[in-house]
Amino acid sequence: MARANAKAPPEGGVGGERERLRVAGLTKVYPTGKRALDGVDFVIATSGVTAVIGSSGAGKSTFIRCINRLVEPTSGRILLDGVDLVGLDRAGLRAARRRIGMIFQEFNLVERLTVMENVLAGRLGHVGLIDTLRRRFAPADVDAAFELLARVGLDGFHDRRADALSGGQRQRVGIARALIQRPDLLLVDEPTASLDPRTARQIMRLVRELATERATPAIVNLHDVALAREFADRIVAFSAGRIVFDDAPAALDAATLDRIYGGEDWSASAAADDDAPPAAPAVRGRVLGDDAGVAG
Amino acid sequence: MSGALTVPRRWRRSSLFGGPWQRRTLLVVFAAYCVWSVRDLPIDYTRVWRGFGRAADMLARMWPPDFGRWQILGKGMLESVQMAIAASVAGALLCVPLALCAARNLVPAPIYLTARALIVVGRTFHEVIVAILFVKLFGFGAVAGMLTLAFSSAVFLAKMIAEDIENVRPGPVEAIRATGARFGQVVVFAIVPQVVVRALGVFIYRIDANLRHSTVIGIVGAGGIGQTLAASFTRYDYDFSAAILLCIAALVALGEWFSDWVRRRLR
Ligand SMILES: Nc1ncnc2c1ncn2[C@@H]1O[C@H](COP(=O)(O)OP(=O)(O)OP(=O)(O)O)[C@@H](O)[C@H]1O
Ligand SMILES: [Mg+2]
Chain S
13 MARANAKAPP EGGVGGERER LRVAGLTKVY PTGKRALDGV DFVIATSGVT AVIGSSGAGK
73 STFIRCINRL VEPTSGRILL DGVDLVGLDR AGLRAARRRI GMIFQEFNLV ERLTVMENVL
133 AGRLGHVGLI DTLRRRFAPA DVDAAFELLA RVGLDGFHDR RADALSGGQR QRVGIARALI
193 QRPDLLLVDE PTASLDPRTA RQIMRLVREL ATERATPAIV NLHDVALARE FADRIVAFSA
253 GRIVFDDAPA ALDAATLDRI YGGEDWSASA AADDDAPPAA PAVRGRVLGD DAGVAG
Chain C
2 MSGALTVPRR WRRSSLFGGP WQRRTLLVVF AAYCVWSVRD LPIDYTRVWR GFGRAADMLA
62 RMWPPDFGRW QILGKGMLES VQMAIAASVA GALLCVPLAL CAARNLVPAP IYLTARALIV
122 VGRTFHEVIV AILFVKLFGF GAVAGMLTLA FSSAVFLAKM IAEDIENVRP GPVEAIRATG
182 ARFGQVVVFA IVPQVVVRAL GVFIYRIDAN LRHSTVIGIV GAGGIGQTLA ASFTRYDYDF
242 SAAILLCIAA LVALGEWFSD WVRRRLR
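Residue numbers (this note's numbering), protein chains in the order written: chain S, 13 to 308; chain C, 2 to 268.
These are computed hints drawn from the structure, not numbers from a lab. Some hints could be false.
Computed far set for chain C versus chain S, every beta-carbon distance over 12 Å [what the hints assert, rightly or not]:
1. Trp12
2. Leu27
3. Arg48
4. Leu94
5. Asp240
On the chain C side, residues computed to face chain S include the following (Cβ under 7 Å) [to be verified]:
6. Gly172
7. Pro173
8. Ile177
9. Thr180
10. Gly181
11. Gly185
12. Gln186
C-beta: ideal position from N, C-alpha, C; glycine also.
Let's have the full structure, built from the sequences with the hints guiding it.
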């Protein structure tokens, strides 16, 4: 926790860089009474990939969805370049959302629309209603869409219908849709959980490359610790709605994982993988499983 | 443990009406009701019998159908078709805002409840009752008929489409919302693509239904071929009635075929 505070100085930024997003005291209590987030403090700079890990139900999705207010926070502040998103009215919120790209586990493409329409949907914040109906987008946006499609490896797919694509291809369209917003922040909620291990790595590599190329900071929820280690500059771990770890991937050792995922859970999965003692080789188990998937 | 496995366990799907006793009681009550309702109705069998006799007489006078007054016939048919088409288009336009307001996942609760109440009230009254009311308000003729069908089409279409809207996948809607799109844009980009094919199917079905309804509501004075038919019956022009009935049958069959054809292509 001390380290987390060291990474979140009150002014200036993170590691010498300017600060892009500051979350302070973020709490979400669902109508069911479930306290999904409990006073989360979090800061990211204007670049870098931050992975968010934690066991199921820890509050990762709630956290990411509170940032662009798809889920309305109960209390706390969310400052994007110093502007508090929590207090914004509808127009202000729309303006803020234009600057935040989002990528989803289930891709969330509009299946009956073409790939091009799905990508251009990322520009809707800049288009009027009549032009939306007529599918008229600025030539520069159409250009950008073609470029992005080529960049994510879908050259020539623009007139395909989204429901004619494979999972990996759909996620590439999802990435293009988020990036055509020219976002100042990328929110990515388990981008690979619906994909096979090989495609998962390709997608994570793409997210990382694009975030770096475009100097866009990204917050990526990941179930897979191995992926998080490989592709993130920083790992934040949630447990029961609180941040319990916040540091470089190298600092994530077995004891910490044990703390994040809970003793029994962790040793149980390790026992299934091999007969080694619970904590330490468990990490290896996951990594190996993944490598096998890549090789296959 | 192993002992339990040697005895095969039984499983039956649980019945819709609970246990066997409840089911038997229900059957007995139902049978008793049937007997009572038939015995209690004042059925005058001689009158029924004479009705059959008259039917034979009427059928004889219907033959051959008289297409001599084809001008009146044609005018009535044309009016019915126009009424049905104009009403379908007007209904389709009116149903859009109503359908959006009646979708729980799109609007705040007060708007939703108001729209739903409107739909429930609108669907309570059959086209013929609405037509009687509108004939009183707007006088005899096709205008009353057109308004009747437009009103009930709007309500019907709104109900069907609102249900589809409530069943759209929420993910894409959320994704479009997350790009900073306005409400209208979310509707155009995320809702419409998910419901448009079914909505078109329902619309085509409604044109077909309006064709059929347009022939009926004329009987209460709302214009179209139905009005011509009612007039011919009151004048005992049964051969002309027969001609009208044949034309209505042909029209309805044509409408049904058309609606099937279009909906097959939409898929
Ligand atoms: N709409 C909701 N209403 C009520 N409770 C919710 C809702 N969404 C999430 N929760 C609860 O809040 C807690 C955090 O959920 P969240 O989806 O943020 O977890 P997560 O870390 O993303 O989990 P996973 O890894 O399974 O995606 C869970 O206990 C969940 O049951
Ligand atoms: Mg989640």
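Grab the minimum C-beta distance from Gln186/C to chain S and call the hint holds if it beats 7 Å, violated otherwise. holds (5 Å)
Status of the Thr180/C interface restraint (C-beta, 7 Å, chain S): holds (5 Å)
Quick one, is the Pro173/C hint okay against chain S at 7 Å, beta carbons? holds (5 Å)
If I take the minimum Cβ distance from Trp12/C to any residue of chain S, is it greater than 12 Å? Fine: 32 Å to the nearest Cβ keeps Trp12/C off the interface.
Would you check whether Gly181/C satisfies its interface hint, that is, whether its CB is within less than 7 Å of any CB in chain S? holds (3 Å)
No chain S beta carbon within 12 Å of Leu94/C's: holds (15 Å)
So, as I understand it, the hint says Gly185/C touches chain S; can you test that by seeing if any CB pair is closer than 7 Å? Holds - the Cβ of Gly185/C comes within 7 Å of chain S, reaching about 5 Å at its closest.
Taking the minimum C-beta separation from Arg48/C to chain S, is that value above 12 Å? Holds, because the least Cβ-Cβ distance between Arg48/C and chain S comes to about 59 Å, which exceeds 12 Å.
Given as non-interface: Leu27/C, which should sit over 12 Å from chain S by C-beta: Label holds. Min Cβ-Cβ 39 Å, cutoff 12 Å.
Holds or violated: is the Cβ of Ile177/C closer than 7 Å to a Cβ in chain S? holds (6 Å)
Non-interface label on Asp240/C, tested against every C-beta of chain S at 12 Å: The claim holds: Asp240/C sits with its nearest Cβ about 53 Å from chain S, beyond 12 Å.
For the restraint on Gly172/C, tell me whether the closest CB of chain S is nearer than 7 Å. With a closest approach of 4 Å, the Gly172/C hint holds.
No hint from the list above goes unmet by this structure.
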